[in-house]
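Chain residues, written in single-letter form:
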Amino acid sequence: MLFDKAIHWARLKSPWIIHFNSGACNACDIEILAALTPKYDVERFGIQLKGSPRHADVLVCSGPVTMQQRERLITIYEQMAEPKFVIAVGTCACSAGVFNGCYCVEGGVDTAIPVNAYVPGCPVKPEAVIDGVVKLLKSIE
Amino acid sequence: MALSLINILIFPGFLFLSTLALAFEYVDRKLCARMQNRVGPPWYQPIADFIKLMSKETVIPTEANPSIFKSIPIFALAATASAFLYIPIWGQRSLYPFDCDLLVVLYFLTVPTLTFFLAGWFSSSLYAEIGSIRAMTQLFAYEVPLYMALLGPALLAGSWSISAITAFYHQNPLLSLLNLPGLCVAIIAAQGKLERAPFDIPDAETEIVGGTFTEYSGRYLGLFRMAVDSEMVALAALISAIFFPALLPANPVLGLLVFLIKVLVVVFILAVIKTAFARFRIDQMVTFCWKILAPVSLLQIVIDIIAKGVILS
Amino acid sequence: MAKMMIPLGPQHPALEEPESFSLLLDGERIAAATVALGYNHRGMEKACESRTYIQDIYLLERICGICSHSHSSSYVQAVEAIAGIEIPKRAAYLRTLIGELERVHSHLLWLGIAGHEIGFQTLFMFVWRDRELVMDLLERLTGNRVNYGMNTIGGVRRDIDSTQTEEVLKALDILEARTSYYIKVCTEEQSIIGRLAGVGKLPREDALRLGAVGPVLRASGVRRDMRKDDPYDAYSELDFNVITDDHADVLGRTVVRVFEIMESYKICRQVVRNMPDGPIAVKVPAKIPTGEAFSRYEAPRGEDIHYVRSNGTDRPERVKVRAPTLANLASITNMIEGGYLADVPIVIAAIDPCFSCTDRMIRVQDSRSGREDRYDWAGLRQYSIDWYKKRGVDLSQTKAAWKD
Amino acid sequence: MEQANAIVARLEERFPALVGGANIANERRIFWSVPLTSLMDILRYCNDELSFTQLCTITGLDNGEMFEFLYHISRDDGIVLTLKVKTPRDGGVVPSVVPIYNGAIFYELELEGLLGVEVEGLPDDRQYPLPDNWPKGQYPLRKDWKPNAETPPLPNP
Amino acid sequence: MKGTGKMIPLMLRMLVKKPDTILYPAQKAHVEEHFRGALKFDQALCIGCKLCMRVCPSAAIEIERVSETEKVFQAYVRMDRCIFCGQCVDTCPKKALENTENFELASTDKESLRKAI
Ligand code: SF4
Ligand code: SF4
Ligand code: SF4
Ligand code: SF4
Ligand code: SF4
Ligand code: SF4
Ligand code: SF4
Ligand code: SF4
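From first to last, the protein sequence lines are chains A, B, C, D and E.
If you count the first sequence from 1, position 141 lands on 141 in our numbering, and the numbers rise without skipping.
Every number in our numbering is 1000 more than the matching position in the second sequence, counting from 1.
Every number in our numbering is 2000 more than the matching position in the third sequence, counting from 1.
Every number in our numbering is 3000 more than the matching position in the fourth sequence, counting from 1.
Every number in our numbering is 4000 more than the matching position in the fifth sequence, counting from 1.
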């Protein structure tokens, strides 16, 4: 139906993101932020960084999940309105990476919440963040 | 009857306003992006955002009062849409001009800010409440200069009706040059009214997350955004009707074109202001409004009174 | 008087490291202040003990993605000191080059974030646009944009050739021109100065007493810089100035940082021009003899400290890390404790170079009645002014300083 | 080297019991084992008379038999003096140096949190840097501590 | 000279200049030479010494013997764990491993990130 099509199209064209650091080393965080800046400018895809989980469609998560951050991560995820997606950005977020085996680290983001796309890299290049979002959107299509 | 229904709902009412609102949101965002040396959003972005928000799940916080929570955005939108009906678009006359419509429009344009306040207040979130208190504080700061800046030209024209003011300046275009200080004040105050940088204090993202709308999601957030955008168009239209009354061709199509260009100019200036400054602190903002904007708008009134005296004599 | 617990924060979901504060109030006085850190505590020091020296380089590099080179340099310096190894001159120069480029990237990053925090998106966008030049340079020289993986025990892993040298020099010219523009903007644009001047005062004596480090300390007028005081790598052979400033507020910290960037360009030029020839690394056995070493490194945010003890195997016995931010944070709690609630916002602004944690709100809860008062940054400041006025102290001068 | 030797000489003169304990690793690094009982006196002397005004950090470690604590203090000319003290692993107590070095709170909290040693006179009892939900009585930096059922699993030891 | 609106001239100039944005993914991404991306493995060179496994800081690589009779080895890399440090590449005595410039590894399926290379 035309109506559904329009909605589907709008969803693909307007993914608003919220970023959460669940214990990352900052590198992935700054690379995500860098993706907003003129050189990469993800606003081209309609991506906007939002502060409130209620406004966001995509939770961009970086870092391994530490014991302290686990609850917060789950709360943020629950506050988001449906339909919602999660991208794990960085090796840490995929599987805890180099922090695998540290005593306060619980593992990748998928140990706490469901993840829709994984973007490996340490840190990910801003292009790889874009690549991840594009692949996620393709999979929704 | 049917005609006025069309007028209200489609042109130049609700639908036309919404389209314009989305179009000018695009223009605003694109300009801002280009001034920051980046590409910016594609042309359909505001439409996509709007449709997406309308189709998204709406979460209503358990502590919030659902009926108030839901009805507030509609009030905001209705108020701006009504205000728009009284602003001349393609000629010297608005759709339903009457004697004091300037005041009515100004009241209508205050409603959205009040609704933002209520929205924040009733969503029982810390961030939203602070946002709404900030919105209120700001309202008291810019409202007076804005009114005074608009009343000056009205005094000179000797009417409280926007259509009459436009007609007056259309006949005496040179007189509108006298209103330049008022124009500056009006544009800056409009920036505050629209809660855009450097006056985006009520929804300063880095300080209080999403500000007044922190708890809003989905459809109601979409309506709010639409209300803010239409408020921008309405304000820009109001400013151009009062301050740039020249060049009003009789042909409605041409008139519409001229109108769009004028609004575009105002939006451009608004976008430059938004991009060029750091956010004020709320105390700085209040001081600025009272120490600079208010005196300038007072000056405007004095100028107009003197000019009026000269003309009359 | 009722005791109240005030959580301060919460941490911003959108940016950088998470942390939060809570204050225990006794009437107006703060009985105890708590910085709830450890959101990012991952237990790396313990993990170091079960990994080899080489693996630890990569682990420690990832303590932080902003000063990754600082941590790995500091660590390998300590290990080299234990093993009694002198690294080749060329390696020392290369480490210095990467270290200075990292400083440039970190300070530009901070400037952009500062712009973002005061709602000046355009400054953020432009600064980060130009920061990409440094990032490209780093990617070219080291193979990665952050977490460069340049260091290894005994030297560095990659050499640079003459075309790369040319590129560095060319990029430095562009960057220098752009940076001077930002210096102009930061020191002249009134809307920025209005937000920075007089905020977060940290007088010289306090900065010293509380062990602040890096630009925070230097902005309080203390000349302390490990590159001069405890030179490592090639710094003893290079000519540069230590930037200090007497504002002792956030504006001062901004000024110190932007001028430090200019000094870094100067250092980079000297390094690439005078780079000695030779090998870039010496071979080091996997097993490090028993011993201990303490190493210091001037990271962009201040003095970074590593202590390593070895036990003759291929794994360290103990690795201790003290990151610069911790030193600056520690000073803050001490400043809050015993002080008045009214002082809190000012104190927090002084915390760290960056504002992410400063312009936040505070929730006050009365433990008896459960009543909650909410303040935002401005509200709390107003409260503090009124509060002092009631007690006969007029802070209106301070207020004037905020406004001009 | 002269500077370091001079410092050692002055300390030995003031605390004759310490003679011979110094290890000058290089011109700016001095390591010195001292008895726990005289730690505070030495720190105070170093701070007041020898201008070691900055406490870099405190390292706590478990060498299997004893706990060792290393107080790294530094001066403006880049010399770092490391004072080492030892306590028994069970019931060890070290004094808090906060009265001398005001910025030491975090370093001492870390000793309490990660090693489980008592820091006497530390005006603070919060949990740092371990998370709030960390099980009580588990001190990860002890050599005999292993991840267990109460702490997150280690998928890749 | 103190004043306000210092950045306006630059901003207005930018309006007529081309944006600084690279049009990835429509355009090819900008990757510097010798970027440390995904690993590449040359089966013919590997002698199965497993040094790479020993040095890997995040236990991301695994070498397995794939033939009963001959000394043929296969490398498996868990891309979701590899931190692209290149230490295995540096350590390999036979230069059987190499970093490529491929960074576009994103995937919606975690399993697909653990693969033979
Ligand atoms: S993936 Fe690497 S760069 Fe990203 S947060 Fe983890 S350690 Fe840091
Ligand atoms: S440096 Fe120390 S406090 Fe920080 S994460 Fe590592 S072990 Fe934890
Ligand atoms: S101070 Fe610490 S957290 Fe901050 S950038 Fe440096 S290492 Fe990273
Ligand atoms: S103030 Fe420091 S610790 Fe806090 S967010 Fe900013 S950089 Fe991170
Ligand atoms: S390094 Fe040489 S001797 Fe050792 S396992 Fe590998 S091939 Fe064999
Ligand atoms: S180090 Fe090289 S040769 Fe040895 S197993 Fe690994 S890939 Fe093969
Ligand atoms: S690049 Fe590093 S993390 Fe990846 S497999 Fe090689 S050694 Fe392991
Ligand atoms: S000589 Fe080199 S390549 Fe040959 S087995 Fe020994 S280490 Fe491996």
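Honestly, the hints are just simulated from the structure, not real lab data.
All C-beta atoms, glycine included, are put in the ideal place defined by N, C-alpha and C.
Accuracy of the hints is not assured; some may be wrong.
Here are a few chain E residues that sit away from chain A, every Cβ distance over 12 Å (derived from the structure) [to be verified]:
id: 1; residue: Ile-4008
id: 2; residue: Glu-4064
id: 3; residue: Lys-4071
id: 4; residue: Lys-4110
Heads up, simulated SDA-like pairs for lysine to any residue below, C-alpha to C-alpha not over 25 Å straight-line [as the list claims (entries may be wrong)]:
id: 5; chain 1: A; residue 1: Lys-138; chain 2: A; residue 2: Arg-70
id: 6; chain 1: A; residue 1: Lys-138; chain 2: E; residue 2: Lys-4018
id: 7; chain 1: B; residue 1: Lys-1291; chain 2: E; residue 2: Gly-4005
id: 8; chain 1: E; residue 1: Lys-4018; chain 2: C; residue 2: Gln-2190
id: 9; chain 1: B; residue 1: Lys-1291; chain 2: C; residue 2: Leu-2238
id: 10; chain 1: A; residue 1: Lys-138; chain 2: A; residue 2: Ile-113
Q. Since Lys-4071(E) was said not to touch the interface, does its Cβ keep a gap of more than 12 Å from each Cβ of chain A?
A. holds (30 Å)
Q) Given the hint that Lys-138(A) pairs with Lys-4018(E), does the C-alpha gap stay at or below 25 Å? A) violated (29 Å)
Q. For Lys-4110(E), is the shortest beta carbon distance to chain A beyond 12 Å?
A. violated (6 Å)
**Q.** Pair hint Lys-1291(B) and Leu-2238(C), alpha-carbon separation not exceeding 25 Å
**A.** violated (52 Å)
Q: Please work out if Lys-138(A) and Ile-113(A) have their alpha carbons no farther apart than 25 Å.
A: Judged against 25 Å, a Cα distance of about 21 Å means the pair holds.
Q: Compare the distance between the alpha carbons of Lys-138(A) and Arg-70(A) with 25 Å, and conclude whether the hinted pair is satisfied.
A: violated (29 Å)
Q) Going straight from one Cα to the other, do Lys-4018(E) and Gln-2190(C) come out at no more than 25 Å? A) Violated, because 29 Å separates the two Cα atoms, which is more than 25 Å.
Q: With a cut-off of 25 Å on the C-alpha distance, tell me whether Lys-1291(B) and Gly-4005(E) pass.
A: holds (19 Å)
Q.
If we take the beta carbon of Ile-4008(E), is the closest beta carbon in chain A still more than 12 Å away?
A. holds (17 Å)
Q: Classify the label on Glu-4064(E) as holds or violated, using whether its beta-carbon is more than 12 Å from each beta-carbon of chain A.
A: The claim holds: Glu-4064(E) sits with its nearest Cβ about 20 Å from chain A, beyond 12 Å.
Checked against the numbered hints listed earlier, the structure breaks hints 4, 5, 6, 8, 9; every other hint is satisfied.
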